[in-house]
Structures are given as structure tokens and as C-alpha cells.
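Peer 1: Sequence:
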Amino acid sequence: KRTVLTLLLALLSLPALAQDRNPAAPGFNVEASDAQAIEIADRVMEALGGREAWDATRYLTWTFFGDDQVWDKFTGDFRYQKEELVVLMNVNTREGRAWKGGDEITDAAPLKENLDAAYRAWVNSGYWLLMPFKLKDSGVTLKYVEEGETAEGNPAHVLQLTFENVGLTPQNRYLVYVDTNSHLVTQWAFYPTVDAE
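Going by this note's numbering, the sequence shown opens with residue 68, and the numbers climb by one from there.
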């Protein structure tokens, strides 16, 4: 009886252990999110290498429609290049410098305009790149929609992400398709508003 009780207690604690390995960011809407969706989000993080590996990742670089971006996740330092424009800034403070064709932009208004553009690029393209790591991010409500399939016909758990008071476009909605075997995000759909179809 003691062995059965110990095993039962261990099994009951597995979801809590999984969430301890992938804690939600402050401001994640746990109360309005579905337990099944949260469990799948934790599986996604494990399939991506685990929360510990994600937290230890410092430098990320990507190109989005020809714009080159480099981000230091630890400090917030960010380098953005679009053709002849180069911006060096910190995404946490939104302060930085910018150059066009090798000449530094020092006038306040055009400098701010270019810093704001680089920040928007970081927010938008960075989110699209890193969204599988951010399923339990601040301001997110996560719902389980259904077990469906991707455009290629592969079975997938469909999760819905909505947002509150975060990002540049909190009215957006995403449907995220998580492969039922690999637990990786293999497809997603973007909607400009929560009620858009």
C-alpha cells in the first residue's frame, strides 16, 4: 500500500514539476488560461531544449525581410541594420545611436524615428521568431482550441494566444499548431484582432 501511495503522489506531482521547470512569466494570465494548454506549452519548451537552455541563451541573430538583427538577451543591447541604416540601441531603455550611409544621425527627431523603427522591428520580428519560447509570457492568455491538423495534414494541438496590455499590438490573436508527436510548433496563424476569422 505504501508503494502504491508513493507512486500515486509522484504521478500527481508531475504537472507541478513540469511547471517548475518552465515557470510562467510574471503577468501570464494563469487564471484565464487552460491547464491543458499550459501543459502543452511546457512540452513545447522541453522539446526546444528546456527552459534552462533558453534562460542560458544570450545572443540571438536573425534576418527578417533583409533586415539584420542581433540581440543580447541578457543586457537588451540590439543591433539593427536595414540597407544603409545601422542602429545600436538598448531595447529596455530605448536609448541608442543611429547611422545612415556611415554618417551619424544626431538630430533628435530623426534619431528618435529610427530608434522607434528599430524597436518595432525587434518587437515584431523577434516575436514571430521566438513565439514558441513565449507561450507563457507576460500578458498572455493561453487556451486549448482543439486537436486539429496542419495545412500538411499532420495532427496538432491548436492553442490560442491572446494578449492584454503588452507589445505594440495587444489586440492580435494567434492560433499555434503544436505537433502531437514532436511537441514542436510547426504552424501558426495570425489574426489582427481577437474576433477576426
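Since the hints were made in silico from the structure, they are not lab data. The structure displayed is predicted, hence computed values, not measured ones. Mixed in with the good hints, there may be bad ones.
[Unchecked claim] Quick list of simulated restraints, FRET-style, between CB atoms:
(1) Glu106 to Asn221: 17 to 23 angstroms
(2) Ala218 to Thr130: 21 to 27 angstroms
(3) Thr173 to Asp101: 46 to 52 angstroms
(4) Pro177 to Asp101: 28 to 34 angstroms
(5) Asn157 to Pro90: 24 to 30 angstroms
(6) Thr130 to Glu106: 31 to 37 angstroms
(7) Pro222 to Arg125: 33 to 39 angstroms
[What the hints assert, rightly or not] Heads up, simulated DSBU-like pairs for lysine-lysine below, C-alpha to C-alpha not over 35 angstroms straight-line:
(8) Lys140 to Lys210
(9) Lys167 to Lys149
(10) Lys167 to Lys179
(11) Lys179 to Lys140
(12) Lys201 to Lys140
(13) Lys167 to Lys210
(14) Lys201 to Lys149
(15) Lys140 to Lys167
(16) Lys179 to Lys149
(17) Lys179 to Lys201
Ideal Cβ positions, reconstructed from N, Cα and C, are used throughout, including at glycine.
Peer 1: Within 21 to 27 angstroms or not, the Cβ separation of Ala218 and Thr130?
Peer 2: Holds, since Ala218 and Thr130 (Cβ atoms, about 24 angstroms apart) stay within the stated range.
Peer 1: May I ask you to test the hint 31 to 37 angstroms on the CB atoms belonging to Thr130 and Glu106?
Peer 2: With Cβ atoms ~34 angstroms apart, the hint holds.
Peer 1: Holds or violated: the 46 to 52 angstroms window for the beta-carbon distance between Thr173 and Asp101?
Peer 2: holds (51 angstroms)
Peer 1: Keeping to a limit of 35 angstroms between CA atoms, is the pair of Lys179 and Lys201 held or broken?
Peer 2: holds (28 angstroms)
Peer 1: Checking one constraint from the list: CA of Lys167 to CA of Lys210, max 35 angstroms. Satisfied?
Peer 2: Judged against 35 angstroms, a Cα distance of about 44 angstroms means the pair is violated.
Peer 1: Could one say that the CB atoms of Glu106 and Asn221 fall in the range 17 to 23 angstroms?
Peer 2: Cβ of Glu106 to Cβ of Asn221: about 20 angstroms, so the range 17 to 23 angstroms holds.
Peer 1: CA of Lys167 to CA of Lys179, is that 35 angstroms or under?
Peer 2: holds (14 angstroms)
Peer 1: Tell me if the beta carbons of Asn157 and Pro90 are separated by a distance inside 24 to 30 angstroms.
Peer 2: Holds, at about 25 angstroms.
Peer 1: Can you confirm whether the C-alpha distance between Lys201 and Lys149 stays at or below 35 angstroms?
Peer 2: holds (26 angstroms)
Peer 1: Between Lys179 and Lys149, does the CA-CA distance stay at or below 35 angstroms?
Peer 2: holds (16 angstroms)
Peer 1: Determine whether the Cβ-Cβ distance between Pro222 and Arg125 falls within the hinted range of 33 to 39 angstroms.
Peer 2: holds (35 angstroms)
Peer 1: Do the alpha carbons of Lys167 and Lys149 lie within 35 angstroms of each other, as the hint requires?
Peer 2: At roughly 10 angstroms apart (the allowed maximum being 35 angstroms), Lys149 and Lys167 satisfy the hint.
Of the numbered hints listed earlier, those contradicted by the structure are 4 and 13.
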